[in-house]
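Enquirer: These are the residues of each chain, in order.
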Amino acid sequence: MPDVLKAPLVVEFPFTRSLGPVQSAFLTGLRERVILGVKTRDGRTLVPPVEYDPVTAEEIRDLVHVGVTGTVTTWAWNHEPRRGQPLDRPFAWVLVKLDGADTALLHALDAPGPDAVRTGMRVRVRWAEERTGAITDIACFEPYDGDDSEVTVHAGEFEDPVHGIVAQARLDYTYSPGRAQTAYINALAERRAVGERCPSCRKVYVPPRGACPTCGVATVEQVEVGPSGTVTTFCIVNIKAKNLDIEVPYVYAHIALDGADLALHGRIGGIPYDQVRMGLRVEPVWTEGGGYPDHYRPTGEPDAEYDTYKELL
Amino acid sequence: MTRDIAVVAFAQSDTLRSSEEVSEVEMLMPVLHDVLAQTGLKTADIGFTCSGSCDYLAGRAFSFTLALDGVGAWPPISESHVETDGAWALYEAWTKLLSGDADTALVYSYGKSSPGSLRDVLTRQLDPYYVAPLWPDSVALAALQAQALIDAGDTDERELAAIGARSRATDNPRAQLKGPVPQGDYVVRPLRTGDCPPIGDGAAAVVLAAGERARELCERPAWIRGIDHRIEAHSLGVRDLTDSPSARLAAERAGAFERPVDTAELHAPFSSQEVVLRKALGLDDATRVNPSGGALAANPMMAAGLARIGEAAARIHRGESDRALAHATSGPCLQQNLVAVLEGDPR
Ligand SMILES: [Zn+2]
Numbered sequence: 685m686p687d688v689l690k691a692p693l694v695v696e697f698p699f700t701r702s703l704g705p706v707q708s709a710f711l712t713g714l715r716e717r718v719i720l721g722v723k724t725r726d727g728r729t730l731v732p733p734v735e736y737d738p739v740t741a742e743e744i745r746d747l748v749h750v751g752v753t754g755t756v757t758t759w760a761w762n763h764e765p766r767r768g769q770p771l772d773r774p775f776a777w778v779l780v781k782l783d784g785a786d787t788a789l790l791h792a793l794d795a796p797g798p799d800a801v802r803t804g805m806r807v808r809v810r811w812a813e814e815r816t817g818a819i820t821d822i823a824c825f826e827p828y829d830g831d832d833s834e835v836t837v838h839a840g841e842f843e844d845p846v847h848g849i850v851a852q853a854r855l856d857y858t859y860s861p862g863r864a865q866t867a868y869i870n871a872l873a874e875r876r877a878v879g880e881r882c883p884s885c886r887k888v889y890v891p892p893r894g895a896c897p898t899c900g901v902a903t904v905e906q907v908e909v910g911p912s913g914t915v916t917t918f919c920i921v922n923i924k925a926k927n928l929d930i931e932v933p934y935v936y937a938h939i940a941l942d943g944a945d946l947a948l949h950g951r952i953g954g955i956p957y958d959q960v961r962m963g964l965r966v967e968p969v970w971t972e973g974g975g976y977p978d979h980y981r982p983t984g985e986p987d988a989e990y991d992t993y994k995e996l997l
Numbered sequence: 471m472t473r474d475i476a477v478v479a480f481a482q483s484d485t486l487r488s489s490e491e492v493s494e495v496e497m498l499m500p501v502l503h504d505v506l507a508q509t510g511l512k513t514a515d516i517g518f519t520c521s522g523s524c525d526y527l528a529g530r531a532f533s534f535t536l537a538l539d540g541v542g543a544w545p546p547i548s549e550s551h552v553e554t555d556g557a558w559a560l561y562e563a564w565t566k567l568l569s570g571d572a573d574t575a576l577v578y579s580y581g582k583s584s585p586g587s588l589r590d591v592l593t594r595q596l597d598p599y600y601v602a603p604l605w606p607d608s609v610a611l612a613a614l615q616a617q618a619l620i621d622a623g624d625t626d627e628r629e630l631a632a633i634g635a636r637s638r639a640t641d642n643p644r645a646q647l648k649g650p651v652p653q654g655d656y657v658v659r660p661l662r663t664g665d666c667p668p669i670g671d672g673a674a675a676v677v678l679a680a681g682e683r684a685r686e687l688c689e690r691p692a693w694i695r696g697i698d699h700r701i702e703a704h705s706l707g708v709r710d711l712t713d714s715p716s717a718r719l720a721a722e723r724a725g726a727f728e729r730p731v732d733t734a735e736l737h738a739p740f741s742s743q744e745v746v747l748r749k750a751l752g753l754d755d756a757t758r759v760n761p762s763g764g765a766l767a768a769n770p771m772m773a774a775g776l777a778r779i780g781e782a783a784a785r786i787h788r789g790e791s792d793r794a795l796a797h798a799t800s801g802p803c804l805q806q807n808l809v810a811v812l813e814g815d816p817r
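So the sequence lines, in the order shown, correspond to chains A and B. Using my numbering, you'd call the opening residue of the first sequence number 685 and step up by one each time. Using my numbering, you'd call the opening residue of the second sequence number 471 and step up by one each time.
I should point out that these hints are in silico values taken from the structure, not numbers from a laboratory.
What the simulated footprint calls covered on chain B by chain A, stretch by stretch (three residues with Cβ under 8 Å from a Cβ of chain A suffice, anywhere in the stretch; the number is not a length):
id, segment
1, 489 to 499
2, 595 to 603
3, 658 to 667
Within a straight-line C-alpha distance of at most 20 Å, the following computed DMTMM-like cross-link-like pairs (lysine to aspartate or glutamate) qualify:
id, chain 1, residue 1, chain 2, residue 2
4, A, K781, A, D746
5, A, K690, B, E490
6, A, K781, B, D597
For every residue, glycine included, the Cβ atom is placed at its ideal position computed from N, Cα and C.
From just these sequences and the hints, can you work out the full model?
Expert: As structure tokens, then:
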């Protein structure tokens with residue numbers, strides 16, 4: 685078996701999320717070193733507070749100021765912190781019931797080791813130095829052996845409240861394209877377009893995806909197609925894409941390579957954009973070390989008859 | 471209207487730590503061919519197709535549309551997809567068959583966890599305001615639940631180790647981890663390697679059929695007597711982590727408590743979660759739990775829950791069970807739970 689192709693794939697996205705009134709008060713409170721809970725109608729205080737009662741689903745809005753000290757209800761020792769977690773040295777994950785609250789908040793506890801942690805131990809919030817109105821405004825919890833903190837009603841009103849958060853996320857993958865696409869990519873490196881034929885309906889798929897979507901069977905027979913092909917349809921791109929060094933307007937087209945039963949897509953060059961047409965005969969233009977055709981240009985042959993490619997539209 | 475609906479076939483792939491030499495559809499297709507061959511059905515004979523998968527696992531957007539190539543979905547078929555475990559796809563297919571819109575359904579699911587870092591990927595399913603920014607990984611959250619169970623006196627580390635060992639004593643040829651496996655070091659204390667599921671890529675598929683059609687396709691159909699799914703409150707700190715009221719309610723609604731079951735296939739990815747489920751579902755030693763090895767032997771994400779239903783059904787097909795409970799879960803600390811009760815015709 686040939687070597688498996690692999691490439692790093694990073695999926696990174698900043699989610700901008702708006703907050704409801706209770707979430708807004710809670711996160712703004714963290715910025716101001718105040719922890720707010722919300723009262724349910726049956727008198728329980730939920731921390732972290734939510735917009736709707738988790739049992740009855742009714743809207744809840746009565747905010748209460750709870751303590752910055754509390755009690756650990758369960759814990760787990762994390763000896764190998766991972767990216768993004770609150771502390772970069774070993775710590776305990778904890779659920780903490782803050783004084784005045786009936787539910788527990790998930791966070792990290794900074795402790796010297798697992799022997800220093802137990803359920804029922806008293807802890808207190810350690811605030812982050814820079815606070816923006818986010819759960820990470822609590823840097824972590826730390827062990828504490830003083831009195832309970834005081835609990836008061838709070839209007840939840842602050843100057844300049846936060847109404848949203850930007851949640852950064854990044855996940856790292858190692859992408860492998862699978863058998864069929866690996867063969868296709870390897871052939872492209874030799875400037876050949878190799879598709880695969882369905883053993884049942886005989887259609888040739890380029891690029892191959894490993895299965896015939898009509899028959900639901902594996903495509904295995906490799907078939908070299910092209911290099912020339914026919915423009916089956918196209919569009920004119922007028923907006924410059926980020927990080928793409930191509931002058932607009934340009935033409936992006938579906939191209940049915942000779943011998944293929946499925947059109948692939950590519951950019952058309954070497955011809956003014958307003959002269960590209962359905963049926964135009966094109967051939968690939970390779971650049972040194974490109975790995976795939978940079979674009980397709982006219983071959984100069986007469987246009988293909990509509991009937992020869994109408995099934996490929 | 472009411473119709474009797476049964477699982478008439480089940481197939482699954484091996485679960486492998488890496489499947490980098492095949493794409494998702496290349497991994498899935500043999501399983502689809504296997505399950506269809508068991509019934510003699512072709513794609514065109516299937517009334518409804520429903521799949522379960524999650525794009526975050528392999529980092530590929532809309533990957534389920536590519537997987538459909540393996541079904542042969544052209545000309546267009548009646549099809550749907552859920553972005554979770556295939557057990558919920560089975561639930562959707564069951565309602566479709568109940569409605570009378572279709573007599574047969576193909577349900578499949580697959581997951582490729584190997585391209586990413588699964589523990590981190592799973593943090594993205596958490597509450598995005600209060601929890602996800604802390605990146606608590608799947609093992610950490612399960613460990614909080616395990617410690618709560620230990621504190622409550624419901625279990626201890628020795629019992630947890632025994633659950634892992636019993637699970638992996640299975641003879642299931644598809645299991646990823648089998649036989650004696652060292653209990654290992656803490657991953658996140660109190661959970662050790664042996665308390666955690668192996669990370670693997672795999673796929674599973676079942677065929678459902680209604681009424682007489684089921685009897686034509688299968689010698690001893692596994693009739694779905696009831697199926698229901700329920701969810702816990704969103705915030706972990708609101709829940710009693712040592713119990714699973716949602717699993718109990720789903721089981722009650724599925725009729726699990728009307729008569730004892732002889733077999734239970736539980737989707738408990740962590741040893742400690744089997745303790746929670748046994749308690750919530752009232753299972754004692756009279757019920758054989760996870761003869762397939764369960765998720766501690768193989769836990770292909772998005773397929774492991776569907777495989778529990780499939781494994782329970784296959785035992786009924788083979789005459790090794792008359793009444794079985796199958797359970798699937800999704801989310802942190804058994805957040806969502808589905809329970810199905812399956813029965814074979816009297817022998
Ligand atoms: Zn075909």
